[in-house]
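> Spelled out, the chains give:
4 protein chains.
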Amino acid sequence: MLVIMKNDATESQVDAVIREIEHLGYRGLPVPGAQRTAVCIVGNQHEVDDSRLLSLEGVKETIRVTKPYKLVSRETHPQPTVITVGPVTIGSGQPVIMAGPCAVESEEQTLAIARIVKRHGAQVFRGGAFKPRSSPYTFQGLGEEGLRILKKVREETGLPVVTEATDHDNIGMVEEYADIIQIGARNMQNYSLLRRAGLCTKPILLKRGFAATIEELLMSAEYIASEGNPNVILCERGIRTFSDNTRNTLDLSAIPSIKEVSHLPVIVDPSHAAGRREYVIALSRGAIAVGADGLLVEVHHDPAHALSDGRQSLYPDQFGQLMRDIKAMSRLSEREK
Amino acid sequence: MLVIMKNDATESQVDAVIREIEHLGYRGLPVPGAQRTAVCIVGNQHEVDDSRLLSLEGVKETIRVTKPYKLVSRETHPQPTVITVGPVTIGSGQPVIMAGPCAVESEEQTLAIARIVKRHGAQVFRGGAFKPRSSPYTFQGLGEEGLRILKKVREETGLPVVTEATDHDNIGMVEEYADIIQIGARNMQNYSLLRRAGLCTKPILLKRGFAATIEELLMSAEYIASEGNPNVILCERGIRTFSDNTRNTLDLSAIPSIKEVSHLPVIVDPSHAAGRREYVIALSRGAIAVGADGLLVEVHHDPAHALSDGRQSLYPDQFGQLMRDIKAMSRLSEREK
Amino acid sequence: MLVIMKNDATESQVDAVIREIEHLGYRGLPVPGAQRTAVCIVGNQHEVDDSRLLSLEGVKETIRVTKPYKLVSRETHPQPTVITVGPVTIGSGQPVIMAGPCAVESEEQTLAIARIVKRHGAQVFRGGAFKPRSSPYTFQGLGEEGLRILKKVREETGLPVVTEATDHDNIGMVEEYADIIQIGARNMQNYSLLRRAGLCTKPILLKRGFAATIEELLMSAEYIASEGNPNVILCERGIRTFSDNTRNTLDLSAIPSIKEVSHLPVIVDPSHAAGRREYVIALSRGAIAVGADGLLVEVHHDPAHALSDGRQSLYPDQFGQLMRDIKAMSRLSEREK
Amino acid sequence: MLVIMKNDATESQVDAVIREIEHLGYRGLPVPGAQRTAVCIVGNQHEVDDSRLLSLEGVKETIRVTKPYKLVSRETHPQPTVITVGPVTIGSGQPVIMAGPCAVESEEQTLAIARIVKRHGAQVFRGGAFKPRSSPYTFQGLGEEGLRILKKVREETGLPVVTEATDHDNIGMVEEYADIIQIGARNMQNYSLLRRAGLCTKPILLKRGFAATIEELLMSAEYIASEGNPNVILCERGIRTFSDNTRNTLDLSAIPSIKEVSHLPVIVDPSHAAGRREYVIALSRGAIAVGADGLLVEVHHDPAHALSDGRQSLYPDQFGQLMRDIKAMSRLSEREK
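Chains as they are written, first to last, in our numbering: chain A, 1 to 337; chain B, 1 to 337; chain C, 1 to 337; chain D, 1 to 337.
Keep in mind the hints are simulated off the structure, nothing from the lab. Remember, it's a predicted structure, so these values are computed and weren't measured experimentally. One or more hints might be untrue.
Copies of one chain are not kept apart here, so a pair can be met inside one copy or by any two copies together.
List of simulated lysine to aspartate or glutamate pairs, EDC-like, C-alpha gap at most 16 Å [to be verified]: (1) Lys67 / Asp244; (2) Lys118 / Glu176; (3) Lys6 / Glu260; (4) Lys151 / Glu61; (5) Lys327 / Glu11; (6) Lys327 / Glu227.
Work out the full structure: start from the sequences and follow the hints.
So this is what it looks like as structure tokens:
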């Protein structure tokens, strides 16, 4: 960390900064410049809490040089993490397609969609039993009944299932039924839920909050890892910007950015980002092309009667097209090796 | 709600839309235009779930005309809500100043600051016992010991206290000790926590998420109100934008916007928005000038040794200046009456 | 257009709205709802100026149903526009790669890079002679000497060249030397320059402003087209968001969004969006995968000594890799046909 | 400037960085840390161009410590700039209210509004003769006829006038007629127009682009100042964010932020930020309360028939209310002195 002094800071103010740094257990190295002095902090192994330094007289700002996350950082763990869920490996180089409806609505609906996505080659089934909805007056999910239906899907199709846990009360139940536990974008900084997820023995699919930076996403993954669960799959699902042509702006540059600094696998949810099925196939191709480890895609056999987010669900034949595109791209990158 | 058809939609597609609207229990009125047809939905008392309509062939988009919130809307409750907490009334026209440290650090520190803010005229004491921090490796608050210290503050100074509940596990405990329960910005869409807050008998201070629209903030307040707790104080605390001169961009236009559509009181937290004490007094004056019902301000007697957010805490004499400014502005608006 | 009345609007206010609509030359159709009345405007062929309507008593808001652009709209011109520049066609289905340095620095440097990008298969050469720089104290480009160098590049390599015009004074000169005239992101709403570009006989490459919506980009293209120049190539180059992992956030969803509503070709500039060469190859693949008609990429044979933006310029061998990736993807989509 | 090396950078890469810094004419001071080395650049009086450094092997990033602007910086010019326009001084401590219609529509309309705003105490008259409009099909202003009308306003009322120049062709003409020349938000980075404004002898009112940082705004002011015109009035008019309750989000924290780093006066345009007259009075009070040197407000005697932006224009009696509020606040701050 670098402490930047104001351009009129006095020598005794610089001295006070150095003393405070020493008090924190590190060493302070003053670097005099033409217009101002900076003080470099050396000797710290962990993040320095800069609150006290920032409050000293004569201090203009601090600049962090080292990232605040550690367990999820590529610097401490250079090899990519590969997560195994039943027959599926995530992060191994081949994209993993997770597909299904936004919400589990009934056994019949869920099994029908599961058969479709399996036939087209999906490797994981997705479907929400607990739905975080912005209005208290809309469908909130089937709860445990939904989880039981997901279990049947796994039994019948052999597909592992991923579904969302929304709070302390249901994460234990979700862990029992699901193969991968999803933490949604709105809960990305629900630290209490993250800590609880860190105690789970199943992998966590952690979605980026729609106003979260990459560093904040990785700090949230660090919460989970620091409690003992190293199996975190990150998911880019669009960020909130002024741009109004899609529901959220899919930030595909997040994929190479995350891979540069972290060893965790990262997938993309084009459905929630776009908010409209018309763009989902193109964005899915884009996601794989930039290097995503997989996709989380909504598919519905009858979107016009879906209980939530029907607008962004692919029709079965569109999902077939998506799978053919992805497979062709995968063969392509295979041949390149 | 208005259903906009594509410009090449067929008559039978328009008919299918009208039939679906009737199936939902409303009436569909087609409005032919030069370039396309729209279908108006009439007869609905509540929000229409447009998922099914959006999935029909020939439909371009839907446009909502009515807001999805009801209990917190000024249309259903024209008189402003006034909330009474001990000797303090919030929303009555006189700004209420809530002040104190970011975190409760010790009994000595907390009482020292409480005496200072009380002497300068603060009406409510603030201080965090449970701290949501983006890094798992930084100070997380004193927990129940912090709550006990806040109780002593109330006993000694007579000031009601506001403190944050961060999850299901601690909201009950917070309710026991505090006079106002704060839900933080990161939990604004933690619907499970909102529902639990709706069961509390104490007022809730609900902070706007840093990427939340006004409508989403009001929908979250609606969650609390729909469970039976009508006493919600909204709080603008800055939104996330590209602008980097402050930690977040304080959106003061939110105050007249909220007052136009809702009857709930709304206060402003200039400390978290600015992230630096240098701007807090100016932004506080601005907040009162646009019509805020109060302020939530951080004050520390020794910011250089604060355990969190010392950078944005006012010095005691700065807080004195702020209180003098606010009082003068209040007298001004009194005289105008 | 739909005029939404306030929920307490009187009948005579609705009547005044209808009279004003008739005064504008259209017909107003009232649609009474449970909570409020809306008035549909029918009979307009062009955009309705809603200023007067919005100022009438009892009016809450207006909602546009038809887009304000016409010439660049796919509704009025369903077939995609294909632009021919010498031997190159843009918008014909095969991606066109435009590559070269950020700035023309010298004849030697420019020709060296031109030979490299030509050898790897680029179809158009890019290089700036007039550089819009945010600081008045940094390199501003070689001006007309730069244009003469670009002419030599074309003569030697046969590659058409694209270069930026920054104002009225230089657009005529740029038109003389260049094959495609670029209008930069900062000038996207410089309407005076857009009108002048509309008088040019050469194609215009119009970059999206970093805070512009798709609709605003298309309105700016409409300015050019309305003056008589239909040959506009749009270019997505990243938008400004809170996300700080790249210089700007590349909005790849803009590609399918634009193609849905407009017939103009659209290319992607991954270099300016990323701001760092490390992400350029991945984002280039992503751009082609979502359907872009081409790329605008910065390449430098000696980025360490580039006079501007060296950080985002690809090394020659990286550009070779990019071209191989793009060609493989193109063959893939060929085979699919 | 600080050059941050990658954590696996070799000693010879650090040496190459130091040599390059020396080659640029400065001194490079290596600062070894626990995880990585940083190199401080010392001895530079001006901004260091970091392009070459960023392109060297082993370099992770650079961090600027000094701001890139100089003439407009408070560090080089600690006293606030006060600008005199006829009888009016801007930046002297008393807020200056500039008011009038969005566009000059006719002599009759303009004089009528001018008499109204003068009677209520406005000190400067505003009105657009050249209108930058996002659609080529809407009213673009009266041009020179509009300027002649503004001249009559000054002759009759004695109010100085401010009006916008939109390009090279009209800035000379605007300079002839107007007392203050406005550069609009969309032209904030039209460097060619900024340079031309720097040659004018009249003050420039420079509006912040709706996606510009404070630093970019100051760099644009630096362009004007560096050509010889030191009289620049900055204007905050809202930034583009996700928030949709107002047209743009008024960033009132920009006022104290700018005043901290620059000596230039700064005013606020609440009308364009809000987009609706309902919020203009509250935001005007807020602007003055945070320390703005003045306001730019739209007023129309007949907004329902305004040719542009009628929705955000105050009625005459609302403007009277605004002036009373501002005067009371000014007396208040007078008394405090």
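> If a hint holds in the structure, say so; if it does not, say that too.
Verification of the hints:
no., hint, result
1, Lys67 / Asp244, "between (33 Å within a copy, 14 Å between copies)"
2, Lys118 / Glu176, "neither (23 Å within a copy, 51 Å between copies)"
3, Lys6 / Glu260, "between (34 Å within a copy, 12 Å between copies)"
4, Lys151 / Glu61, "neither (53 Å within a copy, 36 Å between copies)"
5, Lys327 / Glu11, "neither (65 Å within a copy, 40 Å between copies)"
6, Lys327 / Glu227, "neither (37 Å within a copy, 46 Å between copies)"
Of the numbered hints listed earlier, those contradicted by the structure are 2, 4, 5 and 6.
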